[in-house]
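Asks: Each chain, written out:
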Amino acid sequence: MTIRTPGERSLRSSFELVAALTSRDLRLRYQGSVFGWAWSMARPLALGIILSFALGKVLGTGITAEFLLAGLFPWFWFQGSIQAATTTFVGNGGLLKKVRFPRAVLPVSVVLGNTMQFVLSLPVLAGFLIFSGHEPNLAWLALPLVFALQLALILGAALFVASVTVFFRDVEHITDVVMSLLFYATPIIYAADRVPDSYRWVTRVNPLAPLAEGWRAILLDGELPGADLAISGGLTVVLLVAGWFTFRKLEDSFADAI
Amino acid sequence: MRSEAPVVMSVRGVSKRFHMVVPGQEMKTTLLHPLRAWRASRRNRDLWAVRDVSFDVGQGEFFSIIGANGSGKSSLLRLLAGLSKPTAGTVETTGRLSTLLELGSGFHPQVSGRENAILNGLLIGMTRAEMEALLPSIVEFAGLQEFIDQPMRTYSSGMYVRLGFAIAAFMEPEILLVDEVLAVGDARFQEKCYDHIATLQRKGVTIIMVSHDLSAVERFSDRAALMERGRMVLIGTPQQVVTRHLERLAETSPEIRRALEDGIEELIAASPEAKERFDEALKEHPEFLRMRAEQQARGQADGTGEPPAR
Chain A
0 MTIRTPGERS
10 LRSSFELVAA
20 LTSRDLRLRY
30 QGSVFGWAWS
40 MARPLALGII
50 LSFALGKVLG
60 TGITAEFLLA
70 GLFPWFWFQG
80 SIQAATTTFV
90 GNGGLLKKVR
100 FPRAVLPVSV
110 VLGNTMQFVL
120 SLPVLAGFLI
130 FSGHEPNLAW
140 LALPLVFALQ
150 LALILGAALF
160 VASVTVFFRD
170 VEHITDVVMS
180 LLFYATPIIY
190 AADRVPDSYR
200 WVTRVNPLAP
210 LAEGWRAILL
220 DGELPGADLA
230 ISGGLTVVLL
240 VAGWFTFRKL
250 EDSFADAI
Chain B
0 MRSEAPVVMS
10 VRGVSKRFHM
20 VVPGQEMKTT
30 LLHPLRAWRA
40 SRRNRDLWAV
50 RDVSFDVGQG
60 EFFSIIGANG
70 SGKSSLLRLL
80 AGLSKPTAGT
90 VETTGRLSTL
100 LELGSGFHPQ
110 VSGRENAILN
120 GLLIGMTRAE
130 MEALLPSIVE
140 FAGLQEFIDQ
150 PMRTYSSGMY
160 VRLGFAIAAF
170 MEPEILLVDE
180 VLAVGDARFQ
190 EKCYDHIATL
200 QRKGVTIIMV
210 SHDLSAVERF
220 SDRAALMERG
230 RMVLIGTPQQ
240 VVTRHLERLA
250 ETSPEIRRAL
260 EDGIEELIAA
270 SPEAKERFDE
280 ALKEHPEFLR
290 MRAEQQARGQ
300 ADGTGEPPAR
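Quick mapping for you: the protein sequence lines, in order, are chains A and B.
Under numbering that gives the first Met the number 0, the residue at position 87 of the first sequence is numbered 86, and the numbers go up by one with no gaps.
Under numbering that gives the first Met the number 0, the residue at position 211 of the second sequence is numbered 210, and the numbers go up by one with no gaps.
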């Protein structure tokens with residue numbers, strides 16, 4: 000057996016640890032439930048259908064179910080990941096106090112679990128889009144770019160909120176509130192070009208906005224995402240770096256603070 | 000320390016300070032009660048759990064740390080394990096370190112013992128392949144052959160501990176840190192654990208143990224250290240250190256002193272209240288005090304005044 004000095008751990012072991020935690024969490028989440036992972040799609044589907052009725056039919060905005068779903072699926076991936084990640088350190092205090100392991104695996108595996116769920120729900124979304132007349136096209140090849148950007152954004156935010164929550168428990172509740180606000184500050188139930196010019200800045204400073212627009216441009220219109228995505232990419236990198244350094248700065252005190 | 004053995008753990012001037020604020024609420028206090036936070040900081044309500052501790056442990060050595068509750072033993076062990084960072088000083092470790100801190104931390108009741116064992120190994124830093132190769136020995140040692148694929152919520156607490164110990168014991172550590180864990184489990188399993196620790200010792204594994212089990216400390220240790228209010232007040236042979244520890248206890252507790260002097264039987268016969276208090280002291284030092292007191296009594300009966308050789 001190979002001998003390693005402490006602190007030095009094979010990269011393989013870390014990857015396997017993340018994979019094992021992710022798969023355990025995914026299995027536990029739907030253990031004993033009849034419909035299993037199908038439940039992960041229940042919220043975006045239900046919300047998409049009721050909003051297309053309320054906004055599209057009742058208010059007569061002409062907004063369609065496919066427009067909503069193309070925004071809601073990625074949104075719930077974001078929201079679910081961040082909310083689950085908030086308590087990963089606080090909720091694993093016993094482990095943090097007793098075992099030395101790379102702390103980042105806790106929020107990362109929770110984010111990856113939600114990401115797996117999102118990926119598994121994509122065929123359903125694609126099926127729905129094809130059924131409603133949006134043929135797959137070459138622009139879909141750009142999906143990995145939008146996917147990767149959103150994943151980076153989620154990881155950065157998850158590391159940040161999970162670390163700060165250890166020292167300031169209110170962050171958990173602040174996150175809930177921010178999520179509700181962010182839902183409406185992101186062009187999910189409206190298109191960004193409908194936003195009055197004087198409020199356009201809201202969708203510019205929100206890195207999720209170009210992503211939501213990007214998902215829809217690709218999936219519904221067969222177009223490549225606009226230049227706004229570059230700004231979002233820049234903000235995402237900043238957030239990821241900030242999240243990582245916040246985590247690195249605080250991780251040494253986790254075991255003492257919990 | 001064996002002079003020829005290379006030093007594998009070097010502790011230099013290590014101190015650890017805790018702020019005496021409710022954990023997780025420091026920020027809250029500062030934000031909502033700035034006056035209170037300021038007053039608290041003025042009153043210097045810091046707790047130095049570990050103060051200026053220095054020692055070396057050589058390869059293959061069995062080093063025990065004893066001390067009363069709250070003397071800083073467990074905080075020190077956490078610092079040695081790298082689980083918390085010292086406020087001052089350094090801990091340098093050479094070699095693969097494994098901890099027997101709280102057995103079975105990280106076990107999830109809903110998944111099988113097998114999966115928990117593998118996940119536990121991955122947490123400690125093994126690879127999946129290494130864990131799968133070790134698993135048969137772990138399962139056999141823990142005596143869980145029929146249960147290993149059952150979810151752990153069906154396990155008894157003894158089974159939990161056995162699996163936890165077996166995993167940690169088979170990690171092939173070069174340095175093993177052991178906290179108060181062997182007090183759990185039945186006597187037979189405890190004996191098995193000590194046997195395994197003795198095997199590891201023969202293999203040249205360095206072992207650092209924090210324990211209240213003074214007889215185990217005397218039985219296994221090459222050297223021992225006594226902690227008192229965060230300081231390491233004595234490093235020496237296990238006999239020296241255990242004796243000093245008991246002397247200190249005797250100074251603070253008349254019951255223990257009398258027990259050491261007169262033997263326990265007479266004392267208990269004399270006063271039921273004393274028995275109660277003595278039992279409390281025994282909880283902290285199971286078996287040993289009784290044994291020592293009986294030896295002392297026997298020694299006096301022999302007229303030698305010395306406890307008989309073990």
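Where hints are given, some of them may not hold.
[Said to hold, decoys possible] Taking lysine-lysine and the BS3-like style, the derived pairs with C-alpha atoms no more than 27 Å apart in a straight line are: (1) B:K202 with A:K248; (2) B:K191 with A:K248; (3) B:K191 with B:K202; (4) A:K56 with A:K248.
[What the hints assert, rightly or not] Residues on chain A that point at chain B, a partial pick, calculated with CB under 8 Å: (5) L16; (6) R28; (7) S32; (8) S51; (9) K96; (10) F100.
Simulated from the structure, these hints should not be mistaken for laboratory data.
Here the structure is a predicted model, which is why all the values come from computation and not from measurement.
All residues carry an ideal CB built from backbone N, CA and C; glycine is no exception.
Asks: Compare the structure with each hint and give your call.
Replies: Hint check results:
Between K202 of chain B and K248 of chain A the alpha-carbon distance is near 39 Å, which puts this suggested pair outside the 27 Å criterion. Straight-line distance between C-alpha atoms of K191 of chain B and K248 of chain A comes to about 42 Å, which puts the hinted pair past the 27 Å bound. Restraint check for K191 of chain B and K202 of chain B: satisfied, since their Cα atoms lie roughly 17 Å apart, inside the 27 Å limit. A threshold of 27 Å between alpha carbons decides the hint, and for K56 of chain A with K248 of chain A the separation of about 51 Å lies outside it, so the pair is violated.
Checking L16 of chain A against chain B by beta carbon gives a least distance of about 4 Å; that is within 8 Å, so the hint holds. Evaluation of the R28 of chain A hint against chain B yields a violated restraint, the C-beta minimum of about 11 Å exceeding 8 Å. For S32 of chain A, the shortest C-beta to C-beta distance to chain B is roughly 13 Å, which exceeds 8 Å, and the interface hint is violated. At a threshold of 8 Å, the smallest CB-CB gap from S51 of chain A to chain B is about 38 Å, leaving the interface hint violated.
Here the hint on K96 of chain A is kept, as its CB sits about 6 Å from the closest CB of chain B, short of 8 Å. Interface restraint check for F100 of chain A: the shortest CB-CB distance to chain B comes to about 5 Å, inside 8 Å, so the restraint holds.
Checked against the numbered hints given earlier, the structure breaks hints 1, 2, 4, 6, 7, 8 and satisfies all the rest.
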